[in-house]
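Chains as they are written, first to last, in my numbering: chain A, 1 to 192; chain B, 1001 to 1250; chain C, 2001 to 2098.
Mixed in with the good hints there might be a few duds.
As the list claims (entries may be wrong) - Computed footprint of chain B on chain A, listed as stretches where at least three residues anywhere in the stretch have a Cβ under 8 Å from a Cβ of chain B:
id	segment
1	16 to 28
2	127 to 139
What the hints assert, rightly or not - Listed below are several chain B residues computed to face chain A (Cβ distance under 7 Å; list not exhaustive):
id	residue
3	F1145
4	Y1182
5	C1186
6	A1204
7	A1210
8	I1211
9	I1215
What the hints assert, rightly or not - Coverage of chain A stretches by chain C, computed from C-beta distances (three or more under 8 Å per stretch; other residues unrestricted):
id	segment
10	67 to 78
11	180 to 189
No lab work stands behind these hints, which were simulated from the structure alone. By construction, the Cβ of each residue, glycine as well, lies at the ideal position given by its N, Cα and C atoms.
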Amino acid sequence: MTNAANTQPRPRFVPGQPDMWAFVLFEALVFTAYFVVYVVRRTQSPELFLESQAHLDLRVGVFHTLVLLASSWSVARCVQAARERSFRTALTNAFLTLLLGFVFLVSKVLEWAAKIEEGFGFTSDEFFSFYYFLTAIHFLHLLIGFGVLAICVHQLWSPARRSQETIETCATYWHTIDFLWVLIFALLYVMR
Amino acid sequence: MSALLRRIAWHWRYDEKRELWIGWWTLVVFYNLYGLLFFVVARTQPPPKPSLEPSEIVQWFDDRHYGLLFGYAIVFIVGGATAIMNATLAYTMRRMSVSRAFAYSYLVIYALATLPGMLIMGVACTVGAMRPDRDPELMSWLYDFAFLSFEGTMGVFLIGSLVWMVAVLLDRNRVFPKWFGYLNLCNALTEVVVAPAWIFKRGAFAWDGAIAWWINMAVFVTYTAVFLTLLRRMILREDFGSGPLPDLPR
Amino acid sequence: MNAGFEKRLSVVLLALSAITLSQLGVGSLEGHAALRPNATITSSAIVIALIKVRIILREFMEVRHAPVLLCRLTDSWVVLAGVGLLGSYFVGMAIARG
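Using the sequences provided together with the hints, build the complete structure.
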């Protein structure tokens, strides 16, 4: 399908409020600092970290990553649908994002419960301290993300609202949860 | 010098924003003084290790005997300035289009915050410094009490930041840019990160840790510098109305 | 929905998922019994993660269509993260060995 809009180059635009982007970049910097501390501490006790890391299931980490990637996909679709004023499609995608976020939440809590049951708590050893810290602070961002998605749904619901800027701002926040997890996954589950 | 004095005298008599400027300058002077007193005079920041033995703790107090006593004496004298500071920040929320409840909650929260954020540590450290020949176990107790109360009680600041964040995001008078609202969230989240300091005596999550102190402090300093700058702009833009604040002339 | 855009998003999701699934291979590559740090696995994990992050930024977050400043800022962060993480890994390992 081609139409005139597709053949013209789109003018450059910032998705959502530039303010949210400032937040995203700042949080990314803070998380990067946390990651660097983790990597440095890891290099000082590699055997300990490796031995503890063996108790994590890589497949669970992969599952979490896939779920969040899909949630980024659905919220991006939501933004696009809203842009084209297909608000029912947008709402469906927003709810799908919420659902995927919820799947991640449940899965994460189950993973924590399993680890605690196996005897690995926050204070068990340095690896697990970082594991719980990074996943918990990420989890906190996820919880805030539910609130942000709720705002998005609220906007989409009524024709009186539907501010494209607000919807895009919410999506920008949600994507941050995804890309931060991608890094956490690599550092906690994959790196050796 | 006399030109400066004349300018100050003029502002004192004629500037309708003089109270706001007094508030702003109080904030700037106080934060600088606070930094100087805690970091250079008393040398309680950056914090020492939680894992010190009682004998080492006695040594720590000993090394800082006069710094602690004089430094905190000054902190106690000027501590009341926090009232002016908090009032100035609460004023920004009064200027916003949001409910006055935000300003009042902020005032109450930050008034309480002076206890863990400044006074309790001051009292514990000066008590410790006053009688250096006290039982090392007692000194150890004072040491833990000082640092845990200072580093670990971030809940007050967390909620305060969230109050300010919500106010900024809901505000239609454009008192502060929205990104400052989000920066409050960053500040609040890094406060949460300090909580593990209650559990760990060493490592990145102890009260002197790379994560619980250093990164947290970097965020806090950035946040403080930012809000001082934004506050100055706000005062320059202030028109004492109740509608949107005008922008600064370019 | 604009079919072109929709298709692009789906292709991106598939690509990112495929990359993620390929990382499952790490689990069987080196048994934990070896318990030795592996610089190759680590560097590729970090680099792959940053590639995924950049794809998320450019495609899902639409930085592709954003003003040049935002492109530069996000790319700068990706580079900074890469340098920071890889740098601290290699420097840290060197210090630990030495």
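Checked hints:
Check on the segment 16 to 28 of chain A: 8 of its residues sit with their Cβ under 8 Å from a Cβ of chain B, so the three-residue criterion for coverage holds. Under the rule that three or more residues need a Cβ within less than 8 Å of chain B, the assignment of the segment 127 to 139 of chain A holds, with 4 such residues. Interface hint status for F1145(B): violated, as the beta-carbon distance to the closest one in chain A is roughly 22 Å, over 7 Å. For Y1182(B), the interface hint holds, the least distance from its beta-carbon to any beta-carbon of chain A being 4 Å, beneath 7 Å.
Among the interface hints, the one on C1186(B) holds; its C-beta lies about 6 Å from the nearest C-beta in chain A, closer than the 7 Å criterion. Nearest Cβ of chain A to the Cβ of A1204(B): about 5 Å, under the 7 Å cut. The hint holds. Restraint check, A1210(B) versus chain A: the minimum CB separation of about 5 Å is within 7 Å; hint holds. Because the closest C-beta pair between I1211(B) and chain A is about 6 Å apart, less than 7 Å, the hint holds.
Annotation: interface hint on I1215(B) holds; nearest CB of chain A at approximately 5 Å, less than 7 Å. For the segment 67 to 78 of chain A, the assignment as covered by chain C holds, since 7 residues bring a beta-carbon within under 8 Å of that chain's beta-carbons and 3 suffice. Figure legend: the segment 180 to 189 of chain A, annotated as covered by chain C; annotation consistent (5 residues with Cβ-Cβ distances under 8 Å, at least 3 required).
Hint 3 alone, counting from the list given before, is not met by this structure.
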